[in-house]
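Protein chains in written order, with my numbering: chain A, 1 to 403; chain B, 404 to 703; chain C, 704 to 1040.
Rather than coming from a laboratory, the hints here were simulated on the basis of the structure. Since the structure is predicted, the reported quantities are computational estimates derived from the model, not experimental observations. Incorrect hints may have been included.
[Said to hold, decoys possible] Only pairs whose alpha carbons sit at most 25 Å apart, straight line, appear in this in silico DMTMM-like list of lysine to aspartate or glutamate:
| hint | chain 1 | residue 1 | chain 2 | residue 2 |
| --- | --- | --- | --- | --- |
| 1 | A | 125 | C | 734 |
| 2 | A | 206 | A | 182 |
| 3 | A | 299 | B | 525 |
| 4 | A | 304 | B | 525 |
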Amino acid sequence: MARASYLILLVLGALALATVASGAASETGVTPTTVTIGGTTPLSGPASAYQSVAKGAAAYFRYVNAKGGVNKRKINYIYKDDGYDPSRTADATRELVQQDKVFAIFNSLGTDQNLATRAYLNALKVPQLFTASGATTFGRDYKKYPWTIGYQPNYRAEGTIYGRYIVRHTPKASVGVLYQNDDYGKDLLAGLQRGLGAKAGLIRSKQSYNVDDPDVQSEIAKLKAAKVNTLMVFATPKFAIQAYVYARKLAWRPVVYMNAVSSAANIMGLSTAATNRKQTEGTLSIVFLKDPTDPAWRKDAGMKLYRSIMKKYRGGDPNDVYAVYGMSVAHTFVEALKKAGKNPTRAGIMKAADSLNITNDPFLLPGIAVKTGAGDHFPIDQAKLQRYHNGHWVAFGGLFRVR
Amino acid sequence: MILAFDWTQLAQQVVIGLASGGVWATLAVALVLIYRSTGVINFAQGEMAMFSTFIAWSLVEHGLSYWAAFLLTVAISFAGGVAVERAVIRPVERAPTLTVVIVTLGLFFVVNGAARWIWSPETRSLPNAFSTRPIAVGGVAFSISDLGTIAVSLAAVGLLWLFFRYTKLGLASRAAAVNPDASRLVGVRVSWMLALGWGLAAAMGAVSGMLTAPALASFDQNLMQPVLLYAFAGAVLGGLGSPLGAVVGSLLLGVLINLIGTYVNWVGTDLRLPVALAVILGVLLVRPAGLFGRPLETRV
Amino acid sequence: MGSRALGIALWLLVAAVVLVAYLFVPRLISDFHSRELAGAGVFFIAIVGLNLLTGYTGQISLGHGALMAVGGYTTAALVVHEHWRDVWTIPLAGIAAGIVGFVIGLPALRLSGLYLALATFAFAIAIPSLLKKFSGLTGGGQGLRLLEDAPLQVTGLSGTVTVFGHSMTQNHFLYYLTWGLGLVGFVIAWLVVRGGAGRTFRAVRDSEVAAASAGVDLAWTKTLAFALSGVYAGVAGALLAIQVEIVNPLSFTFLLSILLLVGAVVGGLGSLGGMIVGALFVQYLPQLSTHVSTAQGVPDFVFGAAIIAVMLLLPTGVGGLLRRLARPLTTRLYLRP
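Using the sequences and the accompanying hints, generate a full structural model.
This is the structure we're talking about:
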């Protein structure tokens, strides 16, 4: 392994020399009037609901372009379909680099999808900016892959917060975990175990399901049979709602920790409607984005801006929290591009992305900064805890550092 | 070594298996209907059921009462099934079976795409036809809704049996499927009988979708994709030609998967599905026409 | 000149045109487009193999994507774990998938028609779970990454490849490699179909009972067709892994099996020439359908509608159309003195 990484460095070095030798006056993908960036997203297939991330970002770029762009350059954002298949991501990304000659790859969606192109992009020194994935590796392995940077809080960190919270506030809890049988679920579980630390023995039962299973009735029954009183739900919305519904069917009412993937107000609303107020009461979760389905933000200036952009620049369904995420990441790219100066280069945008300090992102919770620096390659690593009370989320406590 | 075997846990897992299998059975019956009346597998059956579910949702959103929306959706779906058959299946009626199968695969994408296009992909919920209040008997929990779903499948099987056995239309439909040429000679409009089969299957699919959505607690455009797989497996286990077999096969499959998942640790979550499929393959190798199917005679 | 000589001359002409096209197409298109054509070549090889099984032997397989997975993972595992040079793994990938093809052909001895199709369907559904389970070999859910973990085994890492003294870009290399193997595979398939094995295959397709009573060993013929078809799928899977430099369970879902079957049927079952069109169809259709509109759902709708439209217009595929068009010519060639 170590040998392989040494060799890759050698080869990459040789490649770098070749690139420098052919170095041109202006950077690839940058003209006096445009900056072209590209990414992949599932426009087709079962995962195509995630395309709202790219569409929210595209709407924000249209808004910025209408206001004159960045340094008089319009941002041209090309997103290509990969059907959530990493092989197709590899092809589409090479098309963006070789055919469309993009300045940078931006906001490509999915962990395996970004991993499929990371070595290639780093070999060519093409920035792989703000991967839309909760995997830790994109922020952690920057020494090996300096041309890659993540964006959102990672799953392992989220799990850690829940673990620490349990140790501090309910050290006698008996914990059961429902998790998706893939890297996403396993990362959250690993984080939980890390957060519990010496108290990891509190976990009495771990039940996993496959993303293509129809339901999790059997798993919920096993968790109940293990006599746990605290249920960690590390599952996507469909299974998160099922967790409440099937628990109620078994007349079981544990304290629920709901992972941020499934804690949007509309999902919690569906769960409450399908069961009752008592079943969802007291659920805990973390939050970092403003939730467009949460009435608490109805009069918020940032969310008003969000809704007006979604409407005017064809962003799609404004109640889709993925679109808020897309706008936030686009906002960050614009700030990084400004920071990269009048004549942005690939090295320059990487340097800018590695030294961000954005405190005015209108789409993130107040107080959350998009911050990177030497040794910190996790742009968003703060979140707030919130508790579901009487059919609404109520944030409490200060900001948590999650890494 | 088994230290303390928990019989309640076993009973609970069996009951949950029956509840899940009951949901798959509704779609399995629709698959069998198409197979019986046209001799093909309709890969778009689940997507058509999902589309029907969205229609029902829209009707409820527009203020219709649940049962009015239910009946209207079944009627619309029947008409839709007939229309689909006339539009895309009839032109390839005499083409090889595989051509028809490919058309149904194409339909899969068309129907799914149309549903995403018309309705945004957010998660929704549909009211339940039956009560979901928990009931516990001897420590084993279930709901009226679980029983209702299985009852609907069995009732549909009964109705279909009566229809195919005692009505003139039903008899004609069976004749058209078994021997199209002879049926034509005695005046059966064979082509329309195929359309009838599609209509009935689509109507059954609509019932399936409207029971599946509340049973799985929420739905979106991916509602039926996991269910289709298990419905296929259940139908094959029972014998593709037998509606009752489809129901029994689905229920058995539901119980089998839960028991494997609960008591056979080395299988784990990854191998649950492959092991269940291997069991079905084993059954097929012993009884190639499934548990309830009759083997076909081979003609030279 | 006799009609036989004329026929041979015609075949030589076709062969020459194909060879010239193979050599010179990359000069006419952009570098990246030759990479895309290499992707179509992967489909071409798998579809030719599937056609041997489904078109000539009558056994429907909904599981060929899973056989491609066997080939792709064999290549990736040899490169990442054993440090083999990527291109030298291709033969072993073909053999591995051939063996697995033989094994999944065994149920065909008892099952026929749609039941066999459903058995292969089960295999296609089960393979991603199996890949995740045996993670020591397969990398589990994350798969294996050739460029990341074994960069020196990847051909064309530096951007150019030298073959027989000719230097070419990596994309051109992938094109020549894939379509070179594709043409070899095509010729082998053609020889099989024209020879004794092909006659046996077709006899089984047309009537199993009649074939058996004429002394054909049904079991042997069916499993042989499955194994041979598996070798093609394995080579295709290996080439896919070499092209995209990763393997992942998400790349080998049931959708891939569907695409292969669609390609074979669109190309025209029982016709080898039409497979080129089938391969181009499944390579470019998903991309083209996002060009119509990227609105939610539209790409899938267009994709499905195009498949249905082709089936309604050409129920026997492109191959059937070619046969119809060529009939007057061949009739004249063979019937007139």
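Discussion item. Check whether the Cα positions of residue 125 of chain A and residue 734 of chain C lie no farther apart than 25 Å.
Written reply: 20 Å, holds
Practice prompt. Please work out if residue 206 of chain A and residue 182 of chain A have their alpha carbons no farther apart than 25 Å.
Written response: The hint holds at about 14 Å.
Worksheet item: Taking only the CA atoms, is the gap from residue 299 of chain A to residue 525 of chain B under or equal to 25 Å?
Response: Roughly 23 Å between the alpha carbons, so the hint for residue 299 of chain A and residue 525 of chain B holds.
Fill in: Satisfaction of hint between residue 525 of chain B and residue 304 of chain A, Cα-Cα up to 25 Å
21 Å, holds
Every hint from the earlier list agrees with this structure, and none is contradicted.
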